[in-house]
Amino acid sequence: MFIRRLAATAVLAAATFGFSAAAGAEELTVGLASEPTSIDPHYHNLTPNNSLARHIFNPLILMDANQALIPGLATSWMAIDDLTWEFKLREGVTWHDGSPFTADDVVFTLERAANVPNSPSSFGIYIKGKTAEKIDDHTVHIKTEVPTPLMPNDISTFSIVSKAHGEGAGTEDYNSGAAAIGTGAYRFVEWVPGDRIVLERNEDFWGEQPEWSSITIKPIKSAPARLAALLAGDVDFIEGVPTTDIETLEGNENITLSQGISNRVIYLHLDHFRDESPFVRANGGGDIVNPLRDVRVRKAISMAINRQAIVERVMEGVAIEAGQLLPEGFFGVSPNLQPMPYDPEGAKALLAEAGVPDGFEMTIHGPNDRYINDAKIAEAIAQMLTRIGIKTTVETMPRSVYFKRASRGGPDGTPEFSFMLVGWGAGTGEASSPLKSLIHTYDADRGFGASNRGRYSNPEVDALIEEALATIDDAKRQDLLAEATEVAIEDGAIIPLHYQVNTWAGREGISYNARTDEYTIFTEVSSVE
Amino acid sequence: MSVFIIRRLLQSLLVVFVMSLLVFFGVNVVGDPVDMLVNPEMTQADIEATIRALGLDRPIHEQYWHFLTNALEADLGKSFIFGEPALKLILQRMPATLELAFVSLVLSVVIGLPLGVYAGLNPESRVSRTIMAGSILGFSLPTFWVGLMLIMIFAVLLGWLPSTGRGDTVEVLGVSVSFLTLDGLSHLLLPAFNLALTNISLVIRLSRAGTREVAQQDYVKFARAKGLGRRRIIFVHVLKNIMIPVVTVLGLEFGGLIAFSVVTETIFAWPGMGKLLIDSVQNLDRPVIVAYLMITVLFFIVINLVVDLLYSLLDPRVRLQDVKA
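Taken in sequence, the protein lines are chains E and H. Here the first sequence is numbered in my numbering, starting from 1 and rising by one per residue. Here the second sequence is numbered in my numbering, starting from 530 and rising by one per residue.
Incorrect hints may have been included.
Claimed, not checked - Straight-line alpha carbon distances no greater than 20 Å define the calculated EDC-like cross-link-like pairs of lysine to aspartate or glutamate that follow: (1) E/K404 to H/D586; (2) E/K134 to E/E86; (3) H/K617 to E/E86; (4) E/K130 to H/D575; (5) E/K376 to E/E312; (6) E/K404 to H/E613; (7) E/K221 to H/D586; (8) H/K617 to E/E172; (9) E/K143 to E/E86; (10) E/K128 to H/D808; (11) E/K404 to H/D808; (12) H/K617 to E/D82; (13) E/K404 to H/D747; (14) E/K404 to H/E742; (15) E/K476 to E/E486; (16) E/K404 to H/D604; (17) E/K128 to H/D575; (18) E/K376 to E/E247; (19) E/K163 to E/E91.
Treat the hints as calculated values from the structure; they're not laboratory data. Just so it is clear, the structure is predicted and the values come from calculations on it, not from any experiment.
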């Protein structure tokens, strides 16, 4: 039923596409769940900031709604040898002040973006080891120290800023608008923190003219209030519609819903590294050798989870069962992996085979304000596991407390929990992102496994991931990533549950071409009228 | 009187210092802001760099000393999230909150006082009973629920008032206010009423009790015997005497309105300090939380002082001096 709805939205969006270019001076007011922390596109690598930046600025390479790479300010890019990439820049592009966009701006941006003072989360990860060199006004070479197949993905993450306005400009100059001069479809007009951001259409934009002549963004954090603002007509369009309200809204003819699958997988991490795991006990509370280290137990847990029930009841139908790290259609996804079928009897048999026929006791930890319905999912899983004999208790907490304990709350900065619910969104839009951070052996010096909270370690998987990360040939890399995923999932490195589906809502006739990266991009909002 | 004020100020200084200790250490033991800030794709080395950049790698007493010495120069630290001074962020949003609190205070007096006095003068009438029953509801219904109901009724169903945000503002003496424009006023009404609700009930109850008591007093009976008009008796003799408890309570409540307008601001997406605080708590933006709480402490101290002064104006028998144990 859900897939049909998704398809219907896509058809609707396609049908309206022709209209949007012709429309006149329409204003759009939107309610967003969270406010950007800055107008400076390089200050904070954060979803609300990045989605806002996409309107005022452009990166060299854009990601379309499915995170496939498409030309942005660069019209083409290719590796001319293992360590050099050539980017051809789009000609005839001007900044909002009328000055031309050239290779100098690109070289300047690569220097600036990694070094913004006070940046709480910089774009350095995508820029480190890359040096840009101007060949002529519309050609740039980017050199690397090691082969970097993910160059285009890395380059797509950050916006190009103007050298003339950016030189010597701090984050506050962008926030005030003085330096917020981009090449994007919209000009920055005003930011009143906490209240609104106003943008107006850039009539000289190099791409297709967007439908809306001006856009007012209002941050409305509380979901019911956001919905009420839409129903009251104070805003035309909102993001982050709560799953509990979707059914009611479907019956409301004044509202148009737009849905799309996300790149975010919700999964379970298990303790792979401790013989005595702090939250795993024998029946009755005694000591037990960590059964989660046995692959049969991990498989039994996966089999005991009724993913269909979670999708239908907890997520109200708005999610898709998961069998690996990213949904179908993404780069590096394995065609051979399916969601584990629900089989409680098989799970019990496996537990018996693993020497724990009567199960054991365990606590599942999870956040309660991070993912859609996160606490409810943890409760559902605890019930399902208890049914096969693993008596599971639930402990959920705010994400501000949860993630510290999950990553380094134990002795010596090790992860504290034994069994936990987490989610991962692949920012680069392909499988190396979760493989590198969640599955690869934890290795602080080389920057692997930063979020490997189960400390899963498998040399075979590590080798495959590292080989993929050094393979420039796309077809070969795709196969390596898929193979690494297959080995890791078969081995129970993590237990995938479902992929999130995001819902946007607009007043009658306003629909959205839903994106997998959860960004809300207003040029993709269109009206049927 | 000046001795009184000086001594009060010295006491206040001590309170501020103790609060700064409590607040700073209290806020710094919860969670880890780094996890809220960094992009999950970052490597361990990047995360370490962020920890160092925020000064979170240093021992807590060193961080406190750093905070304290800067605070003496009116620098309460930089927001982790916005990278701007916490004080600036709070001051930026303060006019919106003050305006909301002030309008809601006016609403509670304008609505609560007449209703309370009426109920006090006619305790047996059906209207009075309805008023009193209503005031119980005003106390007991949770603010967020009432707020959502107000939005549902006046914004969604009737479409009379906007549901969210602040509306047009105009600058008065460099401060932006919204109650001078029609659009701004329409945005202000629902959240101010929502915030005022508890106080309206409070004022109704206080003024009803006061009126009933005062109406039995000899000087009111004497005034009536002298043949003074009913209006003059109510406005001069009754009102003036029931205002003392009302002013005291409202003064204290005003601090509460400013400090804890959090719920209302969140529901109505009102761009004030309360909303900033909630966002900061969720994101563990420690400098902003600490700065906010310190400013709140100062507010309460100043308001209490003002209340004491007003008190002595209303009732000359009250002397401004320290209460001896």
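Hints versus structure:
{"no.": "1", "hint": "E/K404 to H/D586", "result": "15 Å, holds"}
{"no.": "2", "hint": "E/K134 to E/E86", "result": "10 Å, holds"}
{"no.": "3", "hint": "H/K617 to E/E86", "result": "45 Å, violated"}
{"no.": "4", "hint": "E/K130 to H/D575", "result": "16 Å, holds"}
{"no.": "5", "hint": "E/K376 to E/E312", "result": "13 Å, holds"}
{"no.": "6", "hint": "E/K404 to H/E613", "result": "25 Å, violated"}
{"no.": "7", "hint": "E/K221 to H/D586", "result": "31 Å, violated"}
{"no.": "8", "hint": "H/K617 to E/E172", "result": "12 Å, holds"}
{"no.": "9", "hint": "E/K143 to E/E86", "result": "9 Å, holds"}
{"no.": "10", "hint": "E/K128 to H/D808", "result": "32 Å, violated"}
{"no.": "11", "hint": "E/K404 to H/D808", "result": "18 Å, holds"}
{"no.": "12", "hint": "H/K617 to E/D82", "result": "49 Å, violated"}
{"no.": "13", "hint": "E/K404 to H/D747", "result": "68 Å, violated"}
{"no.": "14", "hint": "E/K404 to H/E742", "result": "58 Å, violated"}
{"no.": "15", "hint": "E/K476 to E/E486", "result": "15 Å, holds"}
{"no.": "16", "hint": "E/K404 to H/D604", "result": "28 Å, violated"}
{"no.": "17", "hint": "E/K128 to H/D575", "result": "11 Å, holds"}
{"no.": "18", "hint": "E/K376 to E/E247", "result": "18 Å, holds"}
{"no.": "19", "hint": "E/K163 to E/E91", "result": "17 Å, holds"}
Hints 3, 6, 7, 10, 12, 13, 14, 16, counting from the list given before, are not met by this structure.
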